[in-house]
Each structure stands twice: as C-alpha cells, then as structure tokens.
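With chain A's structure known, arrange chain B on it following the hints.
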Amino acid sequence: MQPQYVRERLDSLECIDLKLCTMLKEASQVVFTFSEIKKGNVDLKRQFENHVKGFYNNLEEATIRLRNEIKLLDENTGTRLLPISVNKKNLGQDEEKLAEQVTLLANVLQDVKNEASTEPLMKDEDEDVLMDG
Amino acid sequence: MGKSQFDFEKGVNLALDPNLLSLPSKKSPSSPNAADQQKEPIVPPATAQEINELVSNPYEIYGKMPLAQLVPLILQQKQIPFSELSQDYILKETSEKVMDSNDAMDNEPQLPDNSKSNFSTMDASESYETIRSKMIDHINVAMNESSLALETVSLLLSGVRENNAKSSISPYLKRNVPMGSLNSDRIPINNSNNVKKTNEKIKFSFGWKLKCLDDSKLMLKKNVDKLFEIVRRENKYWQMISQVIVNTDVIFKLRDKLSGERLIGIKYGFEDSGSNYHLDRGIAVLKNNTELNQLELIPYYNNKNFSIHDSNIRIGYTFIRIRIFTKIESEDDFILSGESSITNNDSTNIRDQIKKFKDIIFEKELMYQLKKESSQLISYGVKIENENKIMIELPNEKIEIELLQVDDLSTVMNEQDNPKINDKRANLILITLRLLLVVIFKKNLRRRSTTNSISNHNGSYSEDILLIRPILGKLRHQNYKILLKKIIKQNILDIIESSQCQEIKITRKPNNDTTRTVDKHIDKLNKDIASFDNLINTPVSHFEVSLPDRKDSFKLVLESPNYCNAIISVKYKDPLNDNRAFDAKFTELKEVEEFLYFIITEYILKKETEEHIPIKQEH
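Chains as they are written, first to last, in UniProt numbering: chain A, 1 to 133; chain B, 1 to 619.
Simulated from the structure, these hints should not be mistaken for lab results.
Hints are supplied without guarantee of correctness; some may be wrong.
[To be verified] Taking lysine-lysine and the BS3-like style, the derived pairs with C-alpha atoms no more than 30 Å apart in a straight line are: (1) B:555 <-> B:486; (2) B:196 <-> A:97; (3) A:53 <-> B:209; (4) A:39 <-> B:196; (5) A:97 <-> B:520; (6) B:222 <-> A:45; (7) B:355 <-> B:443; (8) A:19 <-> B:226.
[To be verified] Which stretches of chain A does chain B cover? Using the computed rule of at least three CB atoms under 8 Å from a CB of chain B, they are: (9) 14 to 23; (10) 31 to 41; (11) 74 to 81; (12) 87 to 93.
Glycine residues also receive a C-beta, built at the ideal position from the N, C-alpha and C atoms.
One chain only, chain A, in its complex shape (with noise of 0.2 Å):
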C-alpha cells in the first residue's frame, strides 16, 4: 500500500485526466449546438454558450490542476524523488527469508518441545540460530 500522499496525487492526476475529457465532451456539446443554430434552432444560443463556458472553465482547472502537480513534483524532489533515476536494488530479501524461516523454526521447535519427544537429529546449533536471528 502507498503512502496516502502518493495516492492523493494518484487521484489527482486522474481528476486532470477526467477534466480534460469533460473538455472534450463539452467541445463536442459545442458543435452539436452550433450546427443546431446554424439549420435555424435559435433556441440553443443559450446552451451553446454554456457549453462554451464549459469548455473554458474545464481547461482552465485542468490547467491550474496540472500546474499544481508539476511545482509538487518539482518541491518533491529531492525529497521524496531523487533528481536522478536510479537502478534500484532489490535488497533485504534474504532477511525476509531468514525471518521467515526462522519463524518456521520455531514453530517446528516449539511442537517438538510441546510433545517432549527426543528428536534424534541434532538440532541444538539451530537453537542458537533462532537466538541470534
């Protein structure tokens, strides 16, 4: 799960990308409306101008959205971002796995202790694993 941040500018960028459609909606309303006019639908004027109104307005705050989320990115980096792209390495796994099977063991050692029955296998050493891991 990302952080909450990353999922706001996550949401963000989709709501850019959504009004930019809407932009692309109300162009269509625009002409639709305008060939109305033109055969003689007089009426349509009005919504002509609000879907004109529409249009603006629409990229108006995707612009403003857009302009938001690069000066983020830009304070961003440094911070959160690194100015460079890195290849990042796939580290920590073997502790994940030591961790894990440790786990394992424990539980496997603690059934062993529960039923005290003698295991004929040495197992001694990996108690003093489970110390130290």
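For chain B alone, coordinates are given in the frame of chain A:
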C-alpha cells in the same frame, strides 16, 4: 454555229482543263486521275486552240507560266513523252491542225459544252491570280504580325530575362527601345455574374458544412467515450498498483517485445540479495486484466518469443519436499518415515503471489545449488537421481530431496495424510537448508561489497556451497561418535575398572576474522554469518578417558574437516614417564581400535605386572 464563231472570235481558247492548273508542277503529268479525265475533253479544245493560234496569242495566257510548268502541260496535252517533242513534230502538227480546222468547225454540236467550260476556266485562271496575290498579301501580313508579336513578347521578356529576349528581338527595336521598358500585369475581369455564382455556391456548401459539424460532433463524442473508458481503466490500474506495491518493491518500466505494450515489471528475484542464480532473473509483469478488472502477475522471461499474452504461461507450484526413508532391519527395505510439510500459499492476492514467486525462485535456486554441491559428494552417499531429485544415503536411512513442480497441490497434499515419526526432522532439514542458502547469500553479499568486483563471482565458489555438508556432516559425525564410543567402551572401559569416558564440551572461540570494519552493513553481515557458525563449522568432538587409579588419561579428538570424513587423533601421556607419550592421527576407526588395544595391553596392563621400556611410537 454563230455561237461557236463567237467563241473563236473571242480568241480566248483555253486548251487546257482548268483543273489541270491545280496540279502541282512537280507532279508527273501522267497522274492516272488527271489523264483519264482529260483524255477526251482535251483533244477538241486543243484543236480549237490551234485554230485560234492565229487569232489570239496564246502566250498571253501561258507566257507568264514558268517553263517548268508549261512544258509538262504541253506534254500532257500532246500525250507524248518529252523526247518526242521536237520542232518537226510541232510544225507537222500545226499544219495538220490548220488543214483540219474547217472540219473541226463542222463539229458544232460538241463545242457548246467546251466553250462553256472555257468560260469557267478563264474565270478560274483569273481568280487564281487574285487568290494567289491575296494569299501572298495575307502571308505577308501574317509574317508582319507574327514578327510584331515576337517583338512584343521579346520586349516583355526582356524585363525578366534579358539574355533570352536578346536572342529573338530585332536589331531595330534593340537600338530604339531600351530593354525592359515594357511591362504587363493581369487585370481581373469584373464579372457581375460571379457574385451570383458564389452565392449559389455558398448555399450549396452550407449543407455540407452542417453535415461536417454533425460529423465532427459524432467523432468527438465517440472519442470522448473512448477516453473516459481509458481514464477509468488507467485509474483503476494505478489504484491497484498503489495498493499492491510497497516502497521496498523494485518496479520498473518494461516493454512487451511482441506487442510493444508498456508494462510495469517487478523484480522478485534474489539477485540483489546475494544470489548468483542466473537461470531465472526473477522478473514479473503487473498486467492489467481488463476483462476481470484486476491485476495479474505474470513471470517475465527475457527471450524473443516471450509475450505476456501467451495464454499457456502456467504458474504451478514449485517447492522442495524432503522425505526420509527408514530401513526396516528385518526386510532390508526402506519405508517412508517422514515428509516435510507443504504449505498451500495459493491466493489471488498480488502480494501473496509475489511472495509465492519469491518462494518458487528461492526453491529453484536451492535445488540448483544442492545439485552443484552434491556433485562433489558422491563418495559420501549423495546421489543426484535426476534433474530434480537428490538422494542422501546413510546406513539406516535415506533422505530424499526433491523439487516438485505440480499444477495442482491437492494430489500431493492427499498423499500426506497421517503424520509420521520423522516429519519434524524432514521439516527441520528443509528449514536448515533454506537458512544455509540465506547464509550463502549473505556471504556473497559480503564478498561483493568488500572486493568490489562482481565479475569473478561465477561458478568458482562451488566449494562455498554449504548446504548438504553441514547437515550430512553432523549426521555422519554422530555416527562416528557412536562408533568411537563403542570402541572406547570395548577397549578401555570394559577392560580397566572404574575408568570413565567423558565428552568435553568445547566452546569454540568465535572466528577471529571479525575485524572491525568501517561499514556497519558489513559488520551486520559478519554478525549474521557468525551466528550460523555452529551450524557451519566442521564438527569436532573431544573425549577424555580417565583412568582414576593411575592418573593418566587418553584424549581423543574426532574431527571432520570436510564435514563428511573422520580424523581421530589419540593422545596418551604416561604421567610417570615423560618419554612415554603418544600423539597419533587415524582416518580409520579400525586403526584406532587396534591402537587403543595396543596401548592398553602393552603399557597399561603390562605396567601393572612389570616395568617395561617403552618405545615411543609415532604415526
């Protein structure tokens, strides 16, 4: 009659058909058409002409004709070749004509036609002249006009291309008019009809424009729908990604080789965590399944024919199973006495799938390393049965290490129904093997970060693979120990009374190579690796056999320097005699037995009866 007379008096007697005049002079007179037509009508007028010779001068008619035209005409009229046209012939003919002239005049009925034609021929000859002169005039005018036009064009041209103009302009104009002094421009013709036509055009195109508007509206609408759909999908994808991916994950951009699709890859291999396994790089692709609207994790192989759209990529279950078979003494056969447990980690959750992929690649590498190590252990009963199976043979049992790759777990799970006595051991062995592989990773990491050269880490460290050997070594060591104890009991404890055998616990000092390094990460690695020392170090057992009565003692050390072998060193020191000391090393238990027997019988038992000069013995 009078009519004909009038004709004669007129003295205009054209002997030739006027059609003949149109004949080109160059043409041979014997042109078939002309000859046939004129054969008949020519003769009578000819006679008439001869008659009129005296009256009118034929030269008036023909004199202006150039000789080149006249001669062929005459020849045609006479129907003779040019060679026969001599003065004699003409004289003879004229005299004949004069004589016949009267007879000819009698042939009146034939003449009117001829005389009529004579009229027209005369007119034609006149009109010919006028036409000719007119034509010449016209030609002159045309030539004049054309040269004037040429001059105009040349002068126009001289403004832009003076050299081209100079080649065609006349010297007169060149002298009197400066070059480039004429110019031209196009003046549009103002037609009042045009406005009307344009208006009609506008009306016509008005419909087209409306249609265009409607079309573009439809196109926009369609694309808007498409874009909304894409945005929705992308948003869903990124939401899922943001939910699934954590900051420690290594994700990067990829491109599908076949479809060119952009993808997000995730690295799950252990390469960066110390693994040297190159058979599988451990990369998967996070693919958006648009139909199910969920993420899919697909292993990505970097070869040419691989496509993530391959439907036959199956992610089965890959895990290592350890089985222990115990020998039944009576039957000389082995039965399955223990099996490592299988955890079913099947899940559609991406996080769990990533975990599963990690497990799979880890198990694969474990098997790979086990096989590498096993290849050197054949003399200690470790056999590679097939690509995925290793068998460790011990005197009383067999341990089978197998990499299972199955599509369906249930079949394997069903086999493990009831718990067996050695299940725990099998699990412990498996866990230990995994821990040891992690230790190998850590050692690799330490080597990489300390030597700074990654280039030489391939293959040559197979002696560093310590997976089976620590376990097998412990088992074998334990067996050696039992045998050694038995030997001690038989040879010392049973013989000498109140003697005691004691195993001495040796706390081994930690490896001294833990020199403080500057890097805390390397320190941590050192510490981590050191915590496994007990497991990894070669087993050693110390025994002390004390003989209470005599205050002397045996010290026996059982070592396994390569984990699987046994080296027994025996030390004996006689406290009464400093010279009498033994320090011998054996690799065979049989020899140890003989040696102990020798010391006991030769020195300890005999000493009780008599003094004996010892012989220092060294092996």
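Enumerate the violated hints, using their earlier numbering and listing them in ascending order.
2 and 11
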